[in-house]
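Peer 1: So you can see what is in the structure, the chains are spelled out below.
There are 2 protein chains.
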Amino acid sequence: MSDRSFEILETKERVIEDNDKVAAEVRDYLKKKNVFFVNLMSSPGAGKTTTLVRTIKALKDKYRIGVMEADVDSDVDAATVSAAGAKVIQLHTGGSCHMDADMTKRGLQALGVDDLDIIFLENVGNLVCPAEFDVGQNKEVVILSVPEGDDKPLKYPLMFKVGDILLVNKYDTRAVFDFSINKLCDSLNYANPSLKVIPISAKTGDGFDEWIEWLEKQITLSKEENK
Amino acid sequence: MSDRSFEILETKERVIEDNDKVAAEVRDYLKKKNVFFVNLMSSPGAGKTTTLVRTIKALKDKYRIGVMEADVDSDVDAATVSAAGAKVIQLHTGGSCHMDADMTKRGLQALGVDDLDIIFLENVGNLVCPAEFDVGQNKEVVILSVPEGDDKPLKYPLMFKVGDILLVNKYDTRAVFDFSINKLCDSLNYANPSLKVIPISAKTGDGFDEWIEWLEKQITLSKEENK
Numbered sequence: 000m001s002d003r004s005f006e007i008l009e010t011k012e013r014v015i016e017d018n019d020k021v022a023a024e025v026r027d028y029l030k031k032k033n034v035f036f037v038n039l040m041s042s043p044g045a046g047k048t049t050t051l052v053r054t055i056k057a058l059k060d061k062y063r064i065g066v067m068e069a070d071v072d073s074d075v076d077a078a079t080v081s082a083a084g085a086k087v088i089q090l091h092t093g094g095s096c097h098m099d100a101d102m103t104k105r106g107l108q109a110l111g112v113d114d115l116d117i118i119f120l121e122n123v124g125n126l127v128c129p130a131e132f133d134v135g136q137n138k139e140v141v142i143l144s145v146p147e148g149d150d151k152p153l154k155y156p157l158m159f160k161v162g163d164i165l166l167v168n169k170y171d172t173r174a175v176f177d178f179s180i181n182k183l184c185d186s187l188n189y190a191n192p193s194l195k196v197i198p199i200s201a202k203t204g205d206g207f208d209e210w211i212e213w214l215e216k217q218i219t220l221s222k223e224e225n226k
Numbered sequence: 000m001s002d003r004s005f006e007i008l009e010t011k012e013r014v015i016e017d018n019d020k021v022a023a024e025v026r027d028y029l030k031k032k033n034v035f036f037v038n039l040m041s042s043p044g045a046g047k048t049t050t051l052v053r054t055i056k057a058l059k060d061k062y063r064i065g066v067m068e069a070d071v072d073s074d075v076d077a078a079t080v081s082a083a084g085a086k087v088i089q090l091h092t093g094g095s096c097h098m099d100a101d102m103t104k105r106g107l108q109a110l111g112v113d114d115l116d117i118i119f120l121e122n123v124g125n126l127v128c129p130a131e132f133d134v135g136q137n138k139e140v141v142i143l144s145v146p147e148g149d150d151k152p153l154k155y156p157l158m159f160k161v162g163d164i165l166l167v168n169k170y171d172t173r174a175v176f177d178f179s180i181n182k183l184c185d186s187l188n189y190a191n192p193s194l195k196v197i198p199i200s201a202k203t204g205d206g207f208d209e210w211i212e213w214l215e216k217q218i219t220l221s222k223e224e225n226k
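So the protein sequences, as listed, match chains Y and Z. 64 is the number that numbering that gives the first Met the number 0 gives to position 65 of the first sequence; each next residue is one higher, with no gaps. 136 is the number that numbering that gives the first Met the number 0 gives to position 137 of the second sequence; each next residue is one higher, with no gaps.
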């Protein structure tokens, strides 16, 4: 018997003709269950897990939180997130570089949603492919980290176009990397000029008040719509 | 008329049944032309372009260098690399998250290889998909940057498995990110325990003597084989 606090599910991608149809099913299902669903996306190492851990700690006394950790391999993040106080499942994508709606549906079934208020999908670390797949989420949260550079929206525009909010993580290191939030906003003009941007540091907690306030507002709005 | 110093080619992915067959054609073609071909891969923002610029400056008096800049969008890197003294073509992948052998073949035809000794492909910033596609290269060079974390080989094992060398960039910032080269090597045990690792800083030039020495050795070996 394993002493892991979470299950590992192999969710290899299947050929699904209509991703948007399955995504609509997922969205409808979670609406009926009154569960708010966040798709969290970024490059590898931008700080999805650290951001998630601090977010869970800020919200766990108020909401019951579930997390689906999607990775090509390993379960290091699932262990970290489970220790923070969320119900966690590790999804192995079998080489796939993104989650699609069908993989998400199977993940939600295995996680079980009846005892949850919010679910986060920590998508595979990738600034390209995950942006192409609706997974039935309420909101798409994109993280860009300062060391990646302020020009990234020019090169990977779709991710910044689909995002509902952009968290600029590791903002405490901006002097080390000559990162300019003004240049970032210029870069966003092409993809999504009205995108809400919040600089944060998942390490120090800077910016989390604003991020948590935004998130709770979305949750409240969504739950009012579900009534 | 554009005043750009390079061409932009739209290389949207086509459905090719046998990538390995086309990769073998590319490899054979470049062998006949006596051109050494490097596939450079990393996450977004790990420092591929900065590493390339410094590498070009170190080698340009000795070799004629060509670069194919592959991006989903934009041409900011092509302009930078062209200014460093290489013959450059910008490839737009039309949404594709990686280069395959057919896209590479078309890129090489458009670039023209007759006046070149070395060609670098700067692949799309992505730690997953590019690792799956042989593009006919002589060597696969992988860059991991310190801010991404020392656990990345656990989560993205294929990239570290296919790599011929791993450059650990932004090594000058390791204290800021609590990055351990020993932990990185532990993480590599799973994917590729014998992978050669060189810590570098493309910003300061640290580690470049060793990297350039390794690269020149590979070029010499390859050109001897081509005789």
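Read the hints as simulated data drawn from the structure, not as lab findings. As the structure is a prediction and not an experimental result, all values here were calculated from the model. Any given hint could be a false lead.
Identical copies look the same in the list; a pair holds intra-copy or inter-copy alike.
Stated by the list, open to error - Here are the simulated DSSO-like cross-link-like pairs (lysine-lysine), alpha carbons at most 30 Å apart as the crow flies:
#, residue 1, residue 2
1, K182, K56
2, K61, K20
3, K31, K182
4, K56, K138
5, K202, K20
6, K86, K182
7, K202, K182
8, K202, K226
Peer 1: Go through the copies and call it for K61 and K20: within, between, both or neither, with a Cα cutoff of 30 Å.
Peer 2: Neither. Shortest intra-copy (32 Å) and inter-copy (57 Å) distances fail the 30 Å Cα cut-off.
Peer 1: At most 30 Å between C-alpha atoms: does K202 with K182 qualify within a copy, between copies, both, or neither?
Peer 2: For K202 and K182, the Cα distance is within 30 Å both inside one copy (23 Å) and across copies (20 Å).
Peer 1: Which holds for K86 with K182 at a C-alpha limit of 30 Å: within a copy, between copies, both or neither?
Peer 2: Intra 39 Å, inter 28 Å, cutoff 30 Å: inter-copy only.
Peer 1: Regarding K182 and K56, is the shortest C-alpha distance of 30 Å or less found within a copy, between copies, in both, or in neither?
Peer 2: between (32 Å within a copy, 27 Å between copies)
Peer 1: Within a copy, between copies, both or neither: where do K202 and K226 come within 30 Å Cα-Cα?
Peer 2: neither (37 Å within a copy, 55 Å between copies)
Peer 1: One pair to classify: K56 and K138, alpha carbons no more than 30 Å apart. Within, between, both, or neither?
Peer 2: within (20 Å within a copy, 45 Å between copies)
Peer 1: Under a CA distance limit of 30 Å, which applies to K202 and K20: within one copy, between copies, both, or neither?
Peer 2: Result: close neither inside a copy nor across copies, 38 Å intra and 47 Å inter.
Peer 1: 30 Å Cα cut-off: does K31 pair with K182 within a copy, between copies, both or neither?
Peer 2: The answer is neither: 42 Å in one copy and 45 Å across copies each exceed 30 Å.
Hint compliance for this structure: hints 2, 3, 5, 8 are broken, all remaining hints hold.
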